[in-house]
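Peer 1: Here are the chains, one letter per residue:
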Amino acid sequence: MTDKSHDPNQMTGAAMIVRAFIDHGVQHVFGYPGGAVLPIYDEIFQQSEVEHILVRHEQGAGHAAEGYARSTGKPGVVLVTSGPGATNMVTPLTDALMDSIPLVCITGQVPTHLIGNDAFQECDTVGITRPATKHNWLVRDVNDLARVLHEAFYVATTGRPGPVVVDVPKDVQFATGTYHPPRKSDVHISYTPRVKGDENQIRKAVAMLANAKRPVIYTGGGVINSGPEASQLLRQLVEATGFPITSTLMGLGAYPASGPNWLGMLGMHGTYEANMTMHDCDVMLCVGARFDDRITGRTDAFSPGSKKIHIDIDPSSINKNIRVDVPIIGDAGNVLGDLLHVFKAEARKPDIKAWWQQIAQWRARNSLSYRKNNDIILPQYAIQRLFELTRGKDTYITTEVGQHQMWAAQFYGFEEPHRWMTSGGLGTMGYGLPAAVGVQVAHPDSLVIDIAGDASVQMTIQEMSTAVQFELPIKIFILNNQYMGMVRQWQQLLHGNRLSHSYSEALPDFVKLADAYGCVGLQATKPSDLDGAIKEMIAIKRPVLFDCRVAALENCFPMIPSGKAHNEMLLPEEATDEATAKAFSGGKALV
Amino acid sequence: MNQPASAYFLEERHDPTETHTLSVLVQNEPGVLARVIGLFSGRGYNIDSLTVSETENQKHLSRITIVTTGTPMVIQQIKHQLDRMIPVYRVVDMTLTGSSIERELAMVKVRGGGDHRVEALRLADAFRARVIDATTESFVFEITGNSSKISQFIDLMRPLGLVEVSRTGVAAITRGPEGM
Ligand SMILES: Cc1ncc(C[n+]2csc(CCOP(=O)(O)OP(=O)(O)O)c2C)c(N)n1
Ligand SMILES: [Mg+2]
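Residue numbers (the numbering used here), protein chains in the order written: chain C, 1 to 591; chain E, 1 to 180.
Excised from the complex, chain E in its bound form (with noise of 0.2 Å):
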């Protein structure tokens, strides 16, 4: 093994890595999510997707759902880590669960004319695309779905005029009548 002079074992790992989608159900207090965000940048987690919002039903809870890439001892470290912070109430792998739906929303924004405007309101119509801002030059099309669909709609719209896109990023719960 060739390795530089150091005081450090270095090793080269190459797992195959997974995509995982992490429910985690917090109490809503200040600084919660900045902790949640600093254990994935202290300790060099991926966040794909992150999206947070206060849950109705219970009070003072917050779901955070967060999408994130990594080797199966990886993605094993990142529950743990998660569940012994003080203020995370439950974590809950929805991918594991094999039973999860996970939704996104995005508004994309297409500006052109001609035969691009008509192919763009062809392809929404498609995907199920809303259009909820039009002028005579631009669309905005509202799009809901899995994150694949929400990028393979993209990826259509960039030849026709794409402008801008604003996501929200993953939202998931789980079939059945359980709860989490």
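Isolated chain C (complex conformation) (with noise of 0.2 Å):
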């Protein structure tokens, strides 16, 4: 036998895991310890090289891992224990499956001569995570830890990124065997994404786009995805063809607000002229976009007239819900690119002005105003003066989920990428504080604001205690309308006003709360405080709880009200309560 004892590759399972940590540059580990990672957590108390960053629930490790990896384009990394601190990370992890989020999330597991006994702490991990992972991985022997490790950060970072599960029986923790540094063989040969896009695909897409009369293009998270190259070439793209872009809630940033031909959001919430452009278009090309059904309306009456090119990595979202005419499949930038290059190779900006000038009459029906008011905050508007008062300044936005987040996607104008931190696929209330604390430990001299809706900002406020802990200095802007007001909305508009148990009872008072936190409380109330109490926000250099109170029963428009179709929005100052009656096609349930 050959003596073992001085290779440095001859290591513990614990040891083996922040060992790949380190290897993988992982920095940050958002997590919270437990019985069956003990071993792991000893192993990073004896290291600099990791900070574990402590939080107080397992579902904020999940969301702070997520608002980490989209604000750094790097894979969030999460530590939890077995049992409780699995089941608390399903919600993060369906979460970051919906929206393509690389995260990388190790449970410790009671060892593995008791798996099956329900012994204390036990559950199925594996079983209860599978559908909710891109891929999940028990490890029984130490010797194949190493080998899971690295093929779980390749799976979770490549292809269409996605959520992984190591799960690691506490006695494997403890055993020695060996590490080796990440290799090629890792990965199942059986997993290879597909990068690059078809030629001939590429060209036939050209030659659609080269002819359009009125096209458009579509994007979503898949761009942002990516990374920040494939948003330079959509932006470079855009100049070359001089078409109209819109973009679903998970792709804003990807091209400027501010840029000309930017439409706006499409989709449920989206404006009047990007669902009209969308709806009467004869070429869509939709970059890392899947078709769903908050973007789509009714899939029948959707872009009825047009022929539609998708570039996806994912081929499983080509023809899922949307029949497509050219499908290219591969990753956003490396397409954008090689399709940038055919274009401006082979093809002419094509005339569209006739295009512009019907787009520009749908733009004039000025589809996000609303009414001013001097008495009472308009939610609106105090994103409107968020944005204001916030621009040109190194910021993140985080949401929950609500009516806030769609005011906050229609009136906080994005300039770019990895900016935008939300719950779209999931809508997960209670993402918006724990992401932030993500965000600003990626970025800790940012200014990160989670734009949050009274009700949600409840289900994660304990994080404020990480925020605090670590000197996170986040600041939570409340829009507190004292209604979970997404849901009051829709039982105004579909159950007769009926509003059955969405009334936020027994709020507590934020600026205390702030306070019994230890870290700041603000309040506006009037239009005249709020850019003072913004501007304050601003300047403090610690957490910030702001209770921005704001007109209670305002609704969220534009809308596609369901089962209608992209052209049959109804507009802020055509909601009227008959109007709106009448557009909502369950009729009865509005008498």
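Do not take every clue at face value.
Computed list of chain C residues with no C-beta within reach of chain E, every gap over 10 Å [unchecked claim]:
{"no.": "1", "residue": "Cys123"}
{"no.": "2", "residue": "His188"}
{"no.": "3", "residue": "Tyr191"}
{"no.": "4", "residue": "Lys213"}
{"no.": "5", "residue": "Ser306"}
{"no.": "6", "residue": "Ser465"}
{"no.": "7", "residue": "Gln482"}
Derived lysine-lysine pairs resembling DSSO-like cross-links, with alpha carbons at most 30 Å apart [to be verified]:
{"no.": "8", "chain 1": "C", "residue 1": "Lys541", "chain 2": "C", "residue 2": "Lys393"}
{"no.": "9", "chain 1": "E", "residue 1": "Lys79", "chain 2": "C", "residue 2": "Lys196"}
{"no.": "10", "chain 1": "C", "residue 1": "Lys393", "chain 2": "C", "residue 2": "Lys535"}
{"no.": "11", "chain 1": "E", "residue 1": "Lys79", "chain 2": "C", "residue 2": "Lys307"}
{"no.": "12", "chain 1": "C", "residue 1": "Lys184", "chain 2": "E", "residue 2": "Lys149"}
{"no.": "13", "chain 1": "C", "residue 1": "Lys184", "chain 2": "E", "residue 2": "Lys79"}
{"no.": "14", "chain 1": "E", "residue 1": "Lys79", "chain 2": "C", "residue 2": "Lys204"}
Facing chain E, from chain C, some residues (calculated, C-beta under 10 Å) [unchecked claim]:
{"no.": "15", "residue": "Tyr41"}
{"no.": "16", "residue": "Leu114"}
{"no.": "17", "residue": "Gly116"}
{"no.": "18", "residue": "Val126"}
{"no.": "19", "residue": "Lys134"}
{"no.": "20", "residue": "His135"}
{"no.": "21", "residue": "Leu138"}
{"no.": "22", "residue": "Val155"}
{"no.": "23", "residue": "Arg183"}
{"no.": "24", "residue": "Val187"}
{"no.": "25", "residue": "Asp314"}
{"no.": "26", "residue": "Pro315"}
{"no.": "27", "residue": "Ser316"}
The set of hints was computed from the structure by calculation and includes no laboratory data.
Note that beta-carbon positions come from the ideal geometry of N, C-alpha and C, so glycine has one too.
Relying on the hints, combine the two individually framed chains into one complex.
Peer 2: Spelled out as structure tokens, the structure:
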């Protein structure tokens, strides 16, 4: 037998986990300890290369890691214990799966000999998280651990990014085995995501774009995920073609909101011009978006007269909801580069003046207008002021879920990718506060603001304690309408205004709560107070809870009512009670 | 269009459905079958038949044969969804190859006497089913063939004293020299 005691690659499973973090460039881990991960916490204690951020609830760790990942392009890393630690991670894992966010989550597990015995804090983590992850592993042998960890990072970050879970029983953490640095053979040979688009398809697409009379570019989170270069290429393509461009909620910032070709967001609460342009276009170029139901409205009436080109890295996104004419499988940035190259070489900017004139007419409807109010802060106005007062600053915005999220998307102009973190696919209330924690960890000197709702923020408010502990000066800007506004809006529009359990009864005093957490509480109740209070918030270099008292019953418009097509939007000035009742075809419920 | 008030766009689709047989080559590792089955149940796809076994010639590879029914768009989705799973090497739509052979094996237990017994034996002979167990009052037949032949045989046994049936599910392979 050879003496392995001096082999630096001989180490415990717990040490391997920390070593793998270091080898993958991980600087921050979000986590919460417990019995089944104590050996790993012991390793973390004895080194200084990886900083551990202690959250207050595992869900907070997951969303923080999501914010971290989305604002940096790097994977977010989470460490939680077995049983309840793992089950508390199910929401963020599912959230990350829906929004294609790379997460690597290490869960502790009971010792292998106890698996299946209903041991203390045992749960079937791989079983529970299987449909919530891109892939997951239970490691039963310490000598498999290095390979699995490296594969986990690879799978999370390549192809369509997503969350992965590595479940490590406690005896495997204690056992000694052989570590190796990452190498190619660590990955399943069956996993080969396609990056480069098919040349013939790209040529077909260019021919279509070059002959378009009424084109539109519709982009999504895939452009952001592909990296900053993809957004640059997208901007060049818009410039080279002169086409109008819209984006999903997840894609905001890929093209600047101040850009001349920007139509605003599309979909259920998108702008009139974006949705009308989608409906009436003759050629649609979809990049890294997935035609989901908040975007398409009624699928049989979705953009009926257009030829559709769809660039996506995930073949299963193609033809899932909407049949497309030219699918191109590949990475958004890679394909955009090739497409731009071919377009510049072989095509000229088509003349679409008439189309732009039409679009100008739609724009003139001013679908985001709202009436001004000097006494009460309107939520739209609050976001507009927040935007104006943070303009030009190094700002990152996260949100919770509800009306405030839609108003943020409508009224905050994003100029750059990776600056906007929101829960799109899963729509997770409680996402924004911990996501802001994660963003602030990655960007300690930037201004990080969670645009929150009074109901959502209470779902993960305990992470204020994390922010205080780690001196993360996040700003929680609560649009406090004292309702679950989005729920109340649907109840008003669809359920006869029977406001069943959507009033935020017994709200805490957020200013006092801030004080209790040891951060700063601010409040604004009148439009005339607002600017001063926002400036104060920005100036404070500590975490802030900002209670912005806004109009309670404001509705979020424009809106595509259920069962309607893009060209049947309800605009704010038309949304009288009667018109609203008519627009919603379940009419009966409104009587 | 009349639909209940809902935050979702409710649509009914009545596209015609098709039945396809898919061969899926996977890494034989713990949980891989659960992944495949979870995909079908989680996304509401149909499984008409599913068989799985390690294939002998290539180490650590299993072959899953799935018979499923859905609209052409759903069938395409199923194939893409399977293909993007990490341990899946290949998905082949045997129905689209146009040259696949599909076989299933069933064991069929029939109990009875007199004329029924004679008739059962006669039919078994016509279907090339073998007797693999017999008592004075029962037979177990073994029958191989495509699924419709087996179903037909079972239907014929029903009035003759059918007790129970055990079917393997479908295995499929393409004709000709090429492998999948
Ligand atoms: C975890 C979770 N539970 C329930 C919902 C359903 N939901 C969507 S928006 C909303 C109300 C949000 O209220 P608030 O945070 O105050 O935001 P507002 O709409 O008032 O701006 C609810 C309950 C959800 N999205 N997430
Ligand atoms: Mg609210």
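Peer 1: Would you mind marking each hint as holding or not holding in the structure?
Peer 2: Outcome of the hint check:
{"no.": "1", "hint": "Cys123", "in the structure": "15 Å, holds"}
{"no.": "2", "hint": "His188", "in the structure": "5 Å, violated"}
{"no.": "3", "hint": "Tyr191", "in the structure": "5 Å, violated"}
{"no.": "4", "hint": "Lys213", "in the structure": "29 Å, holds"}
{"no.": "5", "hint": "Ser306", "in the structure": "18 Å, holds"}
{"no.": "6", "hint": "Ser465", "in the structure": "34 Å, holds"}
{"no.": "7", "hint": "Gln482", "in the structure": "22 Å, holds"}
{"no.": "8", "hint": "C:Lys541 <-> C:Lys393", "in the structure": "14 Å, holds"}
{"no.": "9", "hint": "E:Lys79 <-> C:Lys196", "in the structure": "21 Å, holds"}
{"no.": "10", "hint": "C:Lys393 <-> C:Lys535", "in the structure": "12 Å, holds"}
{"no.": "11", "hint": "E:Lys79 <-> C:Lys307", "in the structure": "24 Å, holds"}
{"no.": "12", "hint": "C:Lys184 <-> E:Lys149", "in the structure": "49 Å, violated"}
{"no.": "13", "hint": "C:Lys184 <-> E:Lys79", "in the structure": "27 Å, holds"}
{"no.": "14", "hint": "E:Lys79 <-> C:Lys204", "in the structure": "25 Å, holds"}
{"no.": "15", "hint": "Tyr41", "in the structure": "27 Å, violated"}
{"no.": "16", "hint": "Leu114", "in the structure": "17 Å, violated"}
{"no.": "17", "hint": "Gly116", "in the structure": "13 Å, violated"}
{"no.": "18", "hint": "Val126", "in the structure": "6 Å, holds"}
{"no.": "19", "hint": "Lys134", "in the structure": "7 Å, holds"}
{"no.": "20", "hint": "His135", "in the structure": "4 Å, holds"}
{"no.": "21", "hint": "Leu138", "in the structure": "7 Å, holds"}
{"no.": "22", "hint": "Val155", "in the structure": "6 Å, holds"}
{"no.": "23", "hint": "Arg183", "in the structure": "18 Å, violated"}
{"no.": "24", "hint": "Val187", "in the structure": "9 Å, holds"}
{"no.": "25", "hint": "Asp314", "in the structure": "6 Å, holds"}
{"no.": "26", "hint": "Pro315", "in the structure": "5 Å, holds"}
{"no.": "27", "hint": "Ser316", "in the structure": "4 Å, holds"}
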